[in-house]
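The listed protein sequences correspond, in order, to chains A and B.
So that you can map any letter, position 7 of the first sequence is 7 in my numbering, and since no number is skipped, the others follow by simple counting.
So that you can map any letter, position 26 of the second sequence is 26 in my numbering, and since no number is skipped, the others follow by simple counting.
Hints should not be assumed to be uniformly reliable.
[What the hints assert, rightly or not] In silico SDA-like cross-links for lysine to any residue, where the CA-CA straight-line distance does not exceed 25 Å:
| id | chain 1 | residue 1 | chain 2 | residue 2 |
| --- | --- | --- | --- | --- |
| 1 | A | 44 | B | 77 |
| 2 | A | 41 | B | 193 |
| 3 | B | 88 | A | 18 |
| 4 | A | 41 | B | 62 |
| 5 | B | 87 | A | 36 |
| 6 | A | 45 | B | 73 |
| 7 | A | 41 | B | 84 |
| 8 | B | 88 | A | 22 |
| 9 | B | 193 | A | 3 |
| 10 | A | 44 | B | 85 |
| 11 | A | 44 | B | 86 |
| 12 | A | 45 | B | 51 |
| 13 | B | 87 | A | 47 |
| 14 | A | 54 | B | 59 |
| 15 | B | 87 | A | 33 |
| 16 | A | 41 | B | 46 |
| 17 | B | 87 | A | 54 |
| 18 | A | 44 | B | 72 |
| 19 | A | 41 | B | 57 |
| 20 | A | 41 | B | 69 |
| 21 | B | 88 | A | 3 |
| 22 | B | 87 | A | 17 |
| 23 | A | 41 | B | 48 |
| 24 | A | 45 | B | 193 |
Quick caveat, the hints were computed from the structure, so don't treat them as lab data.
From a predicted model like this one, the values you see are computed outputs, not experimental measurements.
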Amino acid sequence: MPQLNPEFFVTQLFWLVVTFSFLLVFLWRISLPRIGNVLEKREKKINEDLTAAKKLQAEAEKIQDIIETQLQQARSDASEMIKTTSTSLQDKAQVELTKLEKGLDAKIGESHEAIEKSKNESVAQIQSQINEITKLTLSKVASFEVSDDEIKNAIASSERSIN
Amino acid sequence: MASKGEKHSPLEQFEIIPFSNTELGGYDISFTNSSLSMIITVAVITLFLTLTVNPRSLVPSRMQLVSELMYNFIAQLLSDTVGDNGKKYFPFVFSLFMFVLIGNMVGMVPYQFTFTSHIIVTFALAAIVFIGTTILGFANHGIKFFSFFYIPGVPFYMHPLLIPIEVISYLSRPISLSVRLFANMLAGHTLLKVFAGFVVAMPFFTGVFPLVFIVALTGLEILIAFLQAYVFAILTCLYINDAYHLH
Numbered sequence: 001m002p003q004l005n006p007e008f009f010v011t012q013l014f015w016l017v018v019t020f021s022f023l024l025v026f027l028w029r030i031s032l033p034r035i036g037n038v039l040e041k042r043e044k045k046i047n048e049d050l051t052a053a054k055k056l057q058a059e060a061e062k063i064q065d066i067i068e069t070q071l072q073q074a075r076s077d078a079s080e081m082i083k084t085t086s087t088s089l090q091d092k093a094q095v096e097l098t099k100l101e102k103g104l105d106a107k108i109g110e111s112h113e114a115i116e117k118s119k120n121e122s123v124a125q126i127q128s129q130i131n132e133i134t135k136l137t138l139s140k141v142a143s144f145e146v147s148d149d150e151i152k153n154a155i156a157s158s159e160r161s162i163n
Numbered sequence: 001m002a003s004k005g006e007k008h009s010p011l012e013q014f015e016i017i018p019f020s021n022t023e024l025g026g027y028d029i030s031f032t033n034s035s036l037s038m039i040i041t042v043a044v045i046t047l048f049l050t051l052t053v054n055p056r057s058l059v060p061s062r063m064q065l066v067s068e069l070m071y072n073f074i075a076q077l078l079s080d081t082v083g084d085n086g087k088k089y090f091p092f093v094f095s096l097f098m099f100v101l102i103g104n105m106v107g108m109v110p111y112q113f114t115f116t117s118h119i120i121v122t123f124a125l126a127a128i129v130f131i132g133t134t135i136l137g138f139a140n141h142g143i144k145f146f147s148f149f150y151i152p153g154v155p156f157y158m159h160p161l162l163i164p165i166e167v168i169s170y171l172s173r174p175i176s177l178s179v180r181l182f183a184n185m186l187a188g189h190t191l192l193k194v195f196a197g198f199v200v201a202m203p204f205f206t207g208v209f210p211l212v213f214i215v216a217l218t219g220l221e222i223l224i225a226f227l228q229a230y231v232f233a234i235l236t237c238l239y240i241n242d243a244y245h246l247h
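The shape of chain A in the complex, shown without the other chains:
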């Protein structure tokens, strides 16, 4: 087996040491720091982008919240306005109605009074005319002079008996 031939041990060891040392130093000093830098740079960039995205998302959420509260506010304001307007309108209508009712009542009362008054007047007039007619009739028919008081009493007593 050629592997066990010590003739070439020294040269293999020598070249192994030379090549492996070169490889180790080259990778240690040049290749690995380069790759490490690239990886680090990428990680940093990704982290930065992630934090920026998170910040933007938080901002968007804040804005969303503001919009939401404003909408809420507007809705409650509108319903409040509708409520106050409708109640004030109802109050006004009530006031007008009561005013109208009062006016009507007053007018009805006035009319009542006027009717009563004219009725009384008419009754009084009729009374006096009856007296007059009775007096005239009596004087004409029986040439009988009767005083006004007597006629009045007589009529009143006949009225009483009729009633």
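On the provided structure of chain A, position chain B as indicated by the hints.
Relative to chain A, chain B alone:
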């Protein structure tokens, strides 16, 4: 064996062929096919990891993503097993993983030499890990590191048995680590060559069957190439963890 009558042995692929005859201080340091594939491996790793990450784009290209995935794979492995202490050893574990992984993969290319199939190479890598973690253990815990071999919560009369077992298992770490990788690579490549011999040796069209088997086996070998690199890396992480946390 079918290849017995042939000129080629299934083990011939592991033969080391020197391209030059160089000596340094009396030692032979000839440039060989093994050295060539090590250099190819290192070149592939360094060029790939440098060129793909060159644009340093925030949105990676496919190739840049491959480099980043490898980086994250080992970083995750190290942080899962060792924790925060492990960051210091990331370049070493990453280099070890890539060296073994691409070394195995380069070995899967036809006519390419697989340096991880040589016990001396894998043993050297395992020895670096073993010596390094042992020094680390003593640096972190001083003489208390020996309490690593003492398992708490065990009846006292078991200790004479358990302590030698623990010591032996600790000392055999570099051997198990290196032999695992070496034997996997050796067995896989030898099996491929044996079946390749069948393809040539079998009569008429029946050679198609071992050929189909070779195709399937190549897929399995690529999986094993990755798996062994992963096992090498994860065991290294566990040994580093042991150097920090005694029982």
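Status of each hint after checking the structure:
1. A:44 <-> B:77: holds (22 Å)
2. A:41 <-> B:193: violated (48 Å)
3. B:88 <-> A:18: It holds: about 22 Å lies between the C-alpha atoms, which stays within 25 Å.
4. A:41 <-> B:62: With a Cα-Cα distance of about 18 Å, the restraint between residue 41 of chain A and residue 62 of chain B holds, given a limit of 25 Å.
5. B:87 <-> A:36: holds (12 Å)
6. A:45 <-> B:73: holds (22 Å)
7. A:41 <-> B:84: Holds. Residue 41 of chain A to residue 84 of chain B sits at ~21 Å (cutoff 25 Å).
8. B:88 <-> A:22: Holds, at about 18 Å.
9. B:193 <-> A:3: Judged against 25 Å, a Cα distance of about 16 Å means the pair holds.
10. A:44 <-> B:85: holds (23 Å)
11. A:44 <-> B:86: Holds. Residue 44 of chain A to residue 86 of chain B sits at ~23 Å (cutoff 25 Å).
12. A:45 <-> B:51: holds (23 Å)
13. B:87 <-> A:47: holds (23 Å)
14. A:54 <-> B:59: Holds - the C-alpha atoms of residue 59 of chain B and residue 54 of chain A are around 22 Å apart, at most 25 Å.
15. B:87 <-> A:33: Holds, because 13 Å separates the two Cα atoms, which is no more than 25 Å.
16. A:41 <-> B:46: holds (22 Å)
17. B:87 <-> A:54: Measuring from Cα to Cα gives roughly 32 Å; hence the hint is violated.
18. A:44 <-> B:72: Satisfied, since the Cα-Cα distance of roughly 16 Å is no more than 25 Å.
19. A:41 <-> B:57: The given pair, whose Cα atoms are some 10 Å apart, holds under the 25 Å limit.
20. A:41 <-> B:69: holds (16 Å)
21. B:88 <-> A:3: Not OK: residue 88 of chain B and residue 3 of chain A at ~34 Å, beyond 25 Å, violated.
22. B:87 <-> A:17: holds (23 Å)
23. A:41 <-> B:48: holds (21 Å)
24. A:45 <-> B:193: Not satisfied, since the Cα-Cα distance of roughly 52 Å exceeds 25 Å.
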